[in-house]
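Protein chains in written order, with the numbering used here: chain A, 131 to 306; chain B, 4 to 194.
Bear in mind the hints are in silico, worked out from the structure with no lab data behind them. Hints are not guaranteed to be accurate.
Stated by the list, open to error - Far from chain B, by Cβ distances over 12 Å, these chain A residues were calculated:
1) SER134
2) GLY135
3) GLN136
4) GLY138
5) GLN171
6) GLY200
7) GLY253
What the hints assert, rightly or not - Just so you have them, the derived chain B footprint on chain A, three or more residues with Cβ under 8 Å:
8) 139-146
9) 156-164
10) 237-251
11) 257-265
12) 283-290
Nothing here was measured: the structure is a model prediction, and the numbers come from that model. Cβ coordinates follow ideal geometry from the N, Cα and C atoms, glycine included.
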Amino acid sequence: MKGSGQLGALALCFLTVSLLAFGGVNAVIPEMHRQAVDVAQWMTDRQFVSLYALAQAAPGPNVMVVTLIGWHVAGFAGALVATAAMMGPSVALTFVAFRLWSYFRHRPWLEAIQNGLTPVTVGLVSSSAFLLARTSDHGILAYLLTAATAALTYWTGLNPLWVFGAAACLGGFGLL
Amino acid sequence: MTDLSLPPAAAPPPAPNLRELFLSFMLVAAMGFAGVLPWARRMIVERRRWLTESEFLDLLALCQFLPGPNVCNLSIAVGARFRGVKGSAAAFLGITFLPFVIVIILGALYEGYGGNPAVTGALLGVSASAAGMILAMAARLAQPLLARRPGKALPVMILVFAAIALLNLPLLWVIAAAIPLSIGISWWRRG
Chain A
131 MKGSGQLGAL
141 ALCFLTVSLL
151 AFGGVNAVIP
161 EMHRQAVDVA
171 QWMTDRQFVS
181 LYALAQAAPG
191 PNVMVVTLIG
201 WHVAGFAGAL
211 VATAAMMGPS
221 VALTFVAFRL
231 WSYFRHRPWL
241 EAIQNGLTPV
251 TVGLVSSSAF
261 LLARTSDHGI
271 LAYLLTAATA
281 ALTYWTGLNP
291 LWVFGAAACL
301 GGFGLL
Chain B
4 MTDLSLPPAA
14 APPPAPNLRE
24 LFLSFMLVAA
34 MGFAGVLPWA
44 RRMIVERRRW
54 LTESEFLDLL
64 ALCQFLPGPN
74 VCNLSIAVGA
84 RFRGVKGSAA
94 AFLGITFLPF
104 VIVIILGALY
114 EGYGGNPAVT
124 GALLGVSASA
134 AGMILAMAAR
144 LAQPLLARRP
154 GKALPVMILV
164 FAAIALLNLP
174 LLWVIAAAIP
184 LSIGISWWRR
194 G
């Protein structure tokens with residue numbers, strides 16, 4: 131049956147992504163795109179970007195893009211399976227790690243691991259920015275919008291919600 | 004503002020029960036447009052005073068160090084700290100339940116109106132803007148590393164970026180190669 135096959139594929143995809151998401155969801159956008167658009171061909175570039183934007187516009191953790199991908203692929207069951215697969219492994223790991231945290235938080239090797247992880251996270255997060263810009267910026271105005279948001283959030287710490295609102299208006303009137 | 008006049012040694016509030024954990028994290032999720040973490044800090048440290056600033060930062064360090072959605076990890080750790088497994092479950096359901104329902108409604112609306120050019124245009128605008136927000140996030144993470152030890156951090160950043168963004172390689176391979184390499188560099192040249 132096509133439906134149950136899709137559920138299995140969703141589960142497999144997000145179970146691995148969950149444990150690879152060093153730096154959170156914004157570190158694994160290219161991998162989700164690769165899986166959903168290139169490998170499984172669940173959606174087009176444009177649909178992926180739209181689902182990502184929908185999740186950004188909704189309140190709550192940005193991991194909800196996974197719920198939307200699941201919903202798009204296999205309806206409510208897909209949304210549940212994708213969300214559970216994305217959350218389950220990392221949540222279980224966090225629970226165990228929290229219990230052990232007092233034992234290992236001051237070990238010298240922990241600092242080496244943390245220092246080693248951060249450059250990897252920077253590479254992953256900047257790849258996510260690159261992928262989103264590549265798939266959603268088709269004109270000079272869109273590139274300017276990306277650059278302006280980057281500058282505003284980096285230098286002023288402005289809540290990106292205001293920028294998102296303005297960006298949605300620009301795009302809604304067909305200016306991008 | 005009257006809080007400021009309280010004596011600093013005021014007794015910490017009692018540990019939250021399951022209902023308080025669930026409702027507080029639900030409130031955080033409902034207010035957390037474009038970034039839940041600042042709202043989580045405000046609620047946990049300032050409003051409810053469940054944790055001090057340094058206790059909060061310590062837990063956050065753990066959650067950002069582990070893979071997975073940071074805010075969901077945080078709900079697990081905060082819940083576990085006060086009420087064990089049940090506390091984790093309550094806080095986690097609190098942070099995920101409402102957003103889950105909301106995105107499903109949005110997803111259903113998108114299936115209906117996604118073909119409308121104004122809707123696709125607006126979403127394109129949001130994602131172009133989100134690309135900038137994520138770029139700023141990467142810059143903020145990179146800035147202290149590049150200031151302190153550029154020789155160690157920069158090659159790894161560039162390699163990972165090239166492998167993922169330019170070559171579109173599977174994340175599993177990249178992580179399996181980059182993390183041991185990067186940790187090795189930082190261990191070997193520590194101190």
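Per the coverage rule (Cβ-Cβ under 8 Å, at least three residues), is the stretch 283-290 of chain A covered by chain B?
holds (count 4)
Do at least three Cβ atoms from the stretch 156-164 of chain A come closer than 8 Å to Cβ atoms of chain B?
holds (count 6)
Run the C-beta distances from A/GLN136 to all of chain B and say if the shortest one exceeds 12 Å.
holds, 16 Å
Over 12 Å to the closest beta carbon of chain B is the bar; see if A/GLY138 clears it.
holds, 18 Å
Please verify the coverage claim for the stretch 139-146 of chain A: does it have three or more residues whose C-beta sits within 8 Å of some C-beta in chain B?
violated (count 1)
Status of A/GLY253, Cβ more than 12 Å from any chain B Cβ:
Given that some Cβ of chain B is not farther than 12 Å from that of A/GLY253, nearest at about 3 Å, it is violated.
A cut-off of 12 Å on Cβ-Cβ distance, and A/GLY200 was said to be off the interface with chain B. Does that hold?
Non-interface label on A/GLY200 violated, nearest chain B Cβ at 9 Å vs cutoff 12 Å.
Interface exclusion of A/GLY135 relative to chain B, criterion Cβ beyond 12 Å:
With a cut-off of 12 Å, A/GLY135 remains clear of chain B, as the shortest Cβ separation is near 21 Å.
Are three or more residues of the stretch 257-265 of chain A within 8 Å, CB to CB, of chain B?
With 8 residues close enough to chain B, the hint holds.
So A/SER134 supposedly isn't at the interface. Is its beta-carbon more than 12 Å from every beta-carbon in chain B?
holds, 20 Å
A/GLN171 remote from chain B - nearest C-beta pair above 12 Å:
holds, 15 Å
Are there at least three residues in the stretch 237-251 of chain A whose beta carbon sits under 8 Å from a beta carbon of chain B?
holds (count 13)
Hint check: violations occur at hints 6, 7 and 8; the rest are consistent with the structure.
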